[in-house]
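*Asks:* So you can see what is in the structure, the chains are spelled out below.
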Amino acid sequence: MSRRGDRLETNEVAVTLQGVSMQFRHQQVLRSIDMEIRRGETLCIIGESGCGKTVMLKLIIGLLRPTTGKVLFYGRDLAEMSEAELNHTRLRFGFLFQMAALFDSLTIYDNVAFGPREHHLFDEETLEKVVAERLAEVGLPSGLEYKKPAELSGGQRKRVGLARALALDPEVMLYDEPTTGLDPIMTDVINELILQTQRTKKATGVVVTHEMKTVTKVADRVVMLYPLSRLAADESQILYDGPAKDLEDHPDSRVRQFVRGEAGERLRELGRRG
Amino acid sequence: MSSLSTDPTVHSPVHKIGEHVFDSVADVGDMALFSFITLGWMIRKLPRWSTLVPNFYAIGVSSVPVVAITGTFIGMVLAVQAHSQFAAMGMATRLGSVINISLVKELGPVLAATMLAGRVGSSMAAELGTMRVTEQIDALSALGTNPVRYLVVPRFLACVMLIPLLTLMADFMGVIGGAVISTQVMGVDAFHYWLHSRRYVGSLDLFAGVFKSFFFGAAIALISCHRGFNSKAGAEGVGKAATEAFVYSFIAILFTDFCIGILWNAVYYAIWPMNGSGLL
Chain Z
26 MSRRGDRLET NEVAVTLQGV SMQFRHQQVL RSIDMEIRRG ETLCIIGESG CGKTVMLKLI
86 IGLLRPTTGK VLFYGRDLAE MSEAELNHTR LRFGFLFQMA ALFDSLTIYD NVAFGPREHH
146 LFDEETLEKV VAERLAEVGL PSGLEYKKPA ELSGGQRKRV GLARALALDP EVMLYDEPTT
206 GLDPIMTDVI NELILQTQRT KKATGVVVTH EMKTVTKVAD RVVMLYPLSR LAADESQILY
266 DGPAKDLEDH PDSRVRQFVR GEAGERLREL GRRG
Chain L
3 MSSLSTDPTV HSPVHKIGEH VFDSVADVGD MALFSFITLG WMIRKLPRWS TLVPNFYAIG
63 VSSVPVVAIT GTFIGMVLAV QAHSQFAAMG MATRLGSVIN ISLVKELGPV LAATMLAGRV
123 GSSMAAELGT MRVTEQIDAL SALGTNPVRY LVVPRFLACV MLIPLLTLMA DFMGVIGGAV
183 ISTQVMGVDA FHYWLHSRRY VGSLDLFAGV FKSFFFGAAI ALISCHRGFN SKAGAEGVGK
243 AATEAFVYSF IAILFTDFCI GILWNAVYYA IWPMNGSGLL
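From first to last, the protein sequence lines are chains Z and L.
My numbering numbers the first residue of the first sequence as 26 and each following residue consecutively.
My numbering numbers the first residue of the second sequence as 3 and each following residue consecutively.
Honestly, the hints are just simulated from the structure, not real lab data.
Beta carbons are placed, not taken as given, at the ideal position from N, Cα and C, and that holds for glycine.
Fair warning: there could be bad hints in the mix.
Far from chain L by the CB rule (all over 12 Å, computed), these chain Z residues [as the list claims (entries may be wrong)]:
id: 1; residue: Gln43
id: 2; residue: Lys95
id: 3; residue: Asn112
id: 4; residue: Leu116
id: 5; residue: Phe120
id: 6; residue: Phe128
id: 7; residue: Asp201
id: 8; residue: Arg281
To give an idea of the interface, some chain Z residues facing chain L are shown, with a C-beta separation under 10 Å as derived from the structure [said to hold, decoys possible]:
id: 9; residue: Ala104
id: 10; residue: Leu111
id: 11; residue: Gly119
id: 12; residue: Gln123
id: 13; residue: Tyr134
id: 14; residue: Arg189
id: 15; residue: Glu196
id: 16; residue: Lys226
id: 17; residue: Gln282
id: 18; residue: Val284
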């Protein structure tokens, strides 16, 4: 299913999660997750809402620290890095947030220029070219640069968010539900942009999504998480780890139901509660 | 830890009280840590001019009208309320000293800070709370920028530097308001009004008020930014953060005023001893 077999020649591991658990007060979200993300691959993380997909992305970039376990980036434990080192490491990541998380008070230009400007990567003249290039890459027409995020549509905001993430030329791109809330056409545009990013930048990708269309289009590998509240104590939270093509025929009915979008057992559970 | 949710003691009143106490202690510790981090960034690396200017404008320039109005009315109300009592004792010309000393030492700084806690503090908490909820603070970290340095330090500097200036303006407007009502409406002799003012209000009194306002500014900035950073999700969470910012700032202003008052008197009477002096 991989469209980018040339990029998967290397088996070098970019990100490793070793026995990672995450708990917020009394609510445990992740339990003993062991996972490796190889350099250059595009991994899709799927699963029901609340199963810990976004938390996993934030652990990978060090925005959250695991309650137990380690997150390694090219073998280095993020928890052992100093704040300066961690900030420097984050520059090797790009993060497209679910609602784009553009800075409301800044213009589109300043949003895209934010990372390079903060870290003094270019002079203002070069930065102007870089911003124009990134905005063109994500297909945004010129003239939007001096608008504020509130003046843009959902799809445009997502594309600006992607341009901002790409401005730092990241090695690893993290996408948090990149197509949520978009119409089918814009969903396909974003999917194509993810593919284009992987092709042109040769970046490792981690995509959190509910959209099976996105999964079949961009994933080299798929990991399915399951909510801990409905999982037996000795059961792995990762229900599936493999290529997208085998999802439909997986022996576990929970995987098949998710892929096909069937409520199944959940509907009966709701009926019992009602 | 999933066993916790099935443990019946979790929902007992004792557990809830214990949890509340732990949360409160953790909040105080978190607030202290937040303050140290902010002060640490001020020493390590100051924010860019481009991030300072908008904050100075929003906190300082935009607050001028409301602080001017507050100061003017404090002075005018003091004159209206005190005049009849002073006139009955035949001491109406002493009105200037009472109004002006009350203004510059207590009412000007405290009421200006209270007004700013409402206008500036709530607004900062709501803005940062919205940024937290919409993941803009996470986005800053993801772009390798420390959010405290980028968001809190400029607001802290603006509050600490501009709230004393706004206090001075509130004092000035209050003095003018009190004088206008006393001399033009109540008919107090202007010469004696100002003579008593000059005699009883010294520059040290003015300094005492402005000195306090540095601490009021710091308290407003730190509390409001901390509430914003810890805002819970949704409109309710952001609204609660804004309300807490004002309430906690107001309590901090009163508490700081009380502590500095004691400290100020202790230092004052240690330098210039006088009979029967007390701490309060």
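*Asks:* Determine for every hint whether it applies to the structure shown.
*Replies:* A quick look at each hint next to the structure:
no.: 1; hint: Gln43; result: 19 Å, holds
no.: 2; hint: Lys95; result: 19 Å, holds
no.: 3; hint: Asn112; result: 4 Å, violated
no.: 4; hint: Leu116; result: 5 Å, violated
no.: 5; hint: Phe120; result: 4 Å, violated
no.: 6; hint: Phe128; result: 6 Å, violated
no.: 7; hint: Asp201; result: 9 Å, violated
no.: 8; hint: Arg281; result: 26 Å, holds
no.: 9; hint: Ala104; result: 15 Å, violated
no.: 10; hint: Leu111; result: 9 Å, holds
no.: 11; hint: Gly119; result: 8 Å, holds
no.: 12; hint: Gln123; result: 7 Å, holds
no.: 13; hint: Tyr134; result: 13 Å, violated
no.: 14; hint: Arg189; result: 8 Å, holds
no.: 15; hint: Glu196; result: 14 Å, violated
no.: 16; hint: Lys226; result: 17 Å, violated
no.: 17; hint: Gln282; result: 23 Å, violated
no.: 18; hint: Val284; result: 27 Å, violated
Against the hints set out earlier in the document, violations occur for numbers 3, 4, 5, 6, 7, 9, 13, 15, 16, 17, 18.
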